[in-house]
Amino acid sequence: MEHQPTHSRWKNLAAILVCAASLAATVFLLGKMTLWAPASGAKESARMGLADKFDRYITNGISDALSGIISIPKEYWLNDSDLVAPAPRQECYGEASDPAMLADTLAAAEELLDGQTTLFTVETPIKKDTTVEYYRDDTILAITWKQVIDGGVYTFSEVKIAHPSQFRRFLAGGEYGTGSLYTATEMAKSVNAISASSADYYTYRPYGITVNNGVTYRLDSDGILDVCFIDHRGDLLLVPRGQLVTREDVESYVSEHNVRFSLAFGPIIIQDGKECTPRAYIIGEINKNLTRAALCQLGELHYVVVTVNMEPYAVSMPTLKQFATRLWEMGIPTAYSLDGGQTATIVMEGTLINSVDYGDQRDISDIIYFATALPEVE
Numbered sequence: 001m002e003h004q005p006t007h008s009r010w011k012n013l014a015a016i017l018v019c020a021a022s023l024a025a026t027v028f029l030l031g032k033m034t035l036w037a038p039a040s041g042a043k044e045s046a047r048m049g050l051a052d053k054f055d056r057y058i059t060n061g062i063s064d065a066l067s068g069i070i071s072i073p074k075e076y077w078l079n080d081s082d083l084v085a086p087a088p089r090q091e092c093y094g095e096a097s098d099p100a101m102l103a104d105t106l107a108a109a110e111e112l113l114d115g116q117t118t119l120f121t122v123e124t125p126i127k128k129d130t131t132v133e134y135y136r137d138d139t140i141l142a143i144t145w146k147q148v149i150d151g152g153v154y155t156f157s158e159v160k161i162a163h164p165s166q167f168r169r170f171l172a173g174g175e176y177g178t179g180s181l182y183t184a185t186e187m188a189k190s191v192n193a194i195s196a197s198s199a200d201y202y203t204y205r206p207y208g209i210t211v212n213n214g215v216t217y218r219l220d221s222d223g224i225l226d227v228c229f230i231d232h233r234g235d236l237l238l239v240p241r242g243q244l245v246t247r248e249d250v251e252s253y254v255s256e257h258n259v260r261f262s263l264a265f266g267p268i269i270i271q272d273g274k275e276c277t278p279r280a281y282i283i284g285e286i287n288k289n290l291t292r293a294a295l296c297q298l299g300e301l302h303y304v305v306v307t308v309n310m311e312p313y314a315v316s317m318p319t320l321k322q323f324a325t326r327l328w329e330m331g332i333p334t335a336y337s338l339d340g341g342q343t344a345t346i347v348m349e350g351t352l353i354n355s356v357d358y359g360d361q362r363d364i365s366d367i368i369y370f371a372t373a374l375p376e377v378e
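Quick note: the sequence shown uses this note's numbering, first residue 1, plus one each step.
These are calculated hints, taken from the structure and not from any lab test.
Careful, some of the hints might be misleading.
[To be verified] Each pair of labels, with its calculated beta carbon distance range: (1) Ser81 <-> Tyr358: 34 to 40 Å; (2) Asp360 <-> Gly242: 34 to 40 Å; (3) Gly359 <-> Gly214: 34 to 40 Å; (4) Glu186 <-> Asp272: 32 to 38 Å; (5) Asn287 <-> Ser81: 39 to 45 Å; (6) Thr178 <-> Ile282: 40 to 46 Å; (7) Asp360 <-> Asp114: 25 to 31 Å; (8) Val122 <-> Gly273: 23 to 29 Å.
Even for Gly, the Cβ is constructed at its ideal location relative to N, Cα and C.
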């Protein structure tokens, strides 16, 4: 019988001891943090943030310790209380004039995609004289491109992330109700967004349910808008207008579904794989031919934001139903309409990608964005 070399046995024993010691330290220190830290308000949030960081430190420490023995993937996530995400790594950005040039990038993202297929493919017919912008690291894949469809220019930004915390919302001024307004590119740069989009411009109208970091700030007492809630799993929870009206209803829903933040524009245009644009809606002038925007979910932690704008030689804008139908025909199973018109904006690497109405970005109150979870300093 073949015997295991002595040095190999010692190496395995050392690895086991490292794991045991790390787990023991985790239990001990987390228990201490529970005993020492106050259990309410901002201090509770800080306590949880510290516990998360320690847990991540231990997990990744074990990964390093067992390198070469067993593969344990490192885990990274962000805290909602942190307004600024880690800075992207410039070497992870790229640009291509031909979609086929992204074959290696898509292959390298296979583990992150975890069996999901991308809307973008190496055969995607991008708009003539445009390029595909992309970013990839171990925690995020983002691809942004343009297509001409029905005489309008559709700008897509497809994103797959490793952790729900990488899908984020930023309110101008850093908190709800400041009254501050900035362009989407200004806000995207300030928070280190890899890909960003205008959101619902919540300060422009006095209705719609607004939740941020799990706190309900505004109700829709008349129940006139469809709501898009984003939960702790990163899923889009679409709730038709009229279903949540009282504060009790909203706060109960937010608590039960672990809602992180919400978007209040709408309507819901694709749900459960079915195009469902209503015939009438109170905002968005849905039956006119206008610039449109939408947030879509393709699968677990897999999204696309899309706008359709007028550009030279592409001057036909859709009604909201026409817009929804095109997205549904592309296989998108879930979509929620965002503020369109001059508000509709897509940003990549801090640069405006789509052609906004009237040639200038509108100052708005909020964006949604996607960020890397890789820390700037290990």
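Okay, the hints, checked on the actual structure:
1. Ser81 <-> Tyr358: 34 to 40 Å: Holds, at about 37 Å.
2. Asp360 <-> Gly242: 34 to 40 Å: Holds - the Cβ-Cβ distance for Asp360 and Gly242, about 37 Å, lies within 34 to 40 Å.
3. Gly359 <-> Gly214: 34 to 40 Å: 38 Å, holds
4. Glu186 <-> Asp272: 32 to 38 Å: Holds, at about 37 Å.
5. Asn287 <-> Ser81: 39 to 45 Å: 42 Å, holds
6. Thr178 <-> Ile282: 40 to 46 Å: Since Thr178 and Ile282 have Cβ atoms about 26 Å apart, the given range 40 to 46 Å is violated.
7. Asp360 <-> Asp114: 25 to 31 Å: For Asp360 and Asp114 the Cβ distance comes to about 40 Å; the hint is violated.
8. Val122 <-> Gly273: 23 to 29 Å: Roughly 25 Å apart at Cβ, these two residues keep to the hinted range, so it holds.
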